[in-house]
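Trainee: Read off the chains here:
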Amino acid sequence: MRLKKGFVLREVCSEKVIVGEGAETVDFGKMISLNDTAAMLWKTAEELGDFTVDELADALTEVYEVNREQALSDVQKLTEGWKEAGLAE
Amino acid sequence: MEATVKTMYGDILIHESIALLQEGRRVILAVKGSSMHPFIIGGKESVELVKPQSPLKVGDVVLAWVNGTHFAVHRIVGIEGKEVSLMGDGNTSGIEHCLTDDVAAVAEFVIAPDGKRRYLYTKKRVRFAHMWQKLLPVRRWLLAIYRRTLLKMDVII
Chain X
0 MRLKKGFVLR
10 EVCSEKVIVG
20 EGAETVDFGK
30 MISLNDTAAM
40 LWKTAEELGD
50 FTVDELADAL
60 TEVYEVNREQ
70 ALSDVQKLTE
80 GWKEAGLAE
Chain A
0 MEATVKTMYG
10 DILIHESIAL
20 LQEGRRVILA
30 VKGSSMHPFI
40 IGGKESVELV
50 KPQSPLKVGD
60 VVLAWVNGTH
70 FAVHRIVGIE
80 GKEVSLMGDG
90 NTSGIEHCLT
100 DDVAAVAEFV
110 IAPDGKRRYL
120 YTKKRVRFAH
130 MWQKLLPVRR
140 WLLAIYRRTL
150 LKMDVII
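Quick mapping for you: the protein sequence lines, in order, are chains X and A.
Be aware that the first sequence starts at 0, since it is given in numbering that gives the first Met the number 0, and climbs by one per residue.
Be aware that the second sequence starts at 0, since it is given in numbering that gives the first Met the number 0, and climbs by one per residue.
There's no promise every hint is true.
Claimed, not checked - Distance ranges between label pairs, derived from CB positions: (1) A:ALA143 <-> X:GLU64: 54 to 64 Å; (2) X:LYS42 <-> A:GLN21: 22 to 32 Å; (3) A:LEU149 <-> X:LYS4: 45 to 55 Å; (4) A:THR148 <-> X:GLU10: 26 to 36 Å; (5) X:LYS4 <-> A:THR91: 40 to 50 Å.
Derived from the structure by calculation, the hints contain no laboratory data.
Cβ atoms here follow ideal geometry from the backbone N, Cα and C, with glycine treated the same way.
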């Protein structure tokens, strides 16, 4: 899986949001709000380029006190949400 | 009803947008409310904004800090020197005022939910906007008909 090009994590009003962004245009018309955990995973996914649910679950368990089973389940749900929203493929 | 910029993040998002506009970037913002009917459908559509490039003129749809109280995306209906009067196309009364320096951006395109962009200043739309202004005395009834018919059929002006 990988994040689609053209989406940027921004901080607006202390909230982390995904915004469609090109060289010329910033699209605040359809923002997707992320909590801190999801934002951390987004950054990890960005750094990895191609990523798997396993790799993001690893990142989650390294930073947060969560067991692996729960981490896998949470990441699976999150990445499915990203795919449904057209943020990842 | 105001066609204020979507308030999910309130004025802070607008200030962030203005900073990006100042850098020369285009910004798309969702709008809400019915005050720009029938040209912009608040709650469904967004506007693509640019920093004003040329002198403002009557008929421009702009993002402005109006009446010293709030931001609105409305159409300029008069300019005298530095004083600008604005009104929502979907309003039947209520002229707002600001100075030219309070106009942060000009709306160039409307973005539909499916991503299609339509230019606000085609000859046809400019003519229609001009006529719409002339029809202000009967706008109340025209809007009522529009909202009961064309709006429900998703007809784009």
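Trainee: Give a verdict on every hint.
Mentor: Now for the hints, and whether the structure bears them out:
1. A:ALA143 <-> X:GLU64: 54 to 64 Å: holds, 59 Å
2. X:LYS42 <-> A:GLN21: 22 to 32 Å: holds, 27 Å
3. A:LEU149 <-> X:LYS4: 45 to 55 Å: For X:LYS4 against A:LEU149, whose Cβ atoms are near 37 Å apart, the range 45 to 55 Å is violated.
4. A:THR148 <-> X:GLU10: 26 to 36 Å: Violated, at about 43 Å.
5. X:LYS4 <-> A:THR91: 40 to 50 Å: holds, 45 Å
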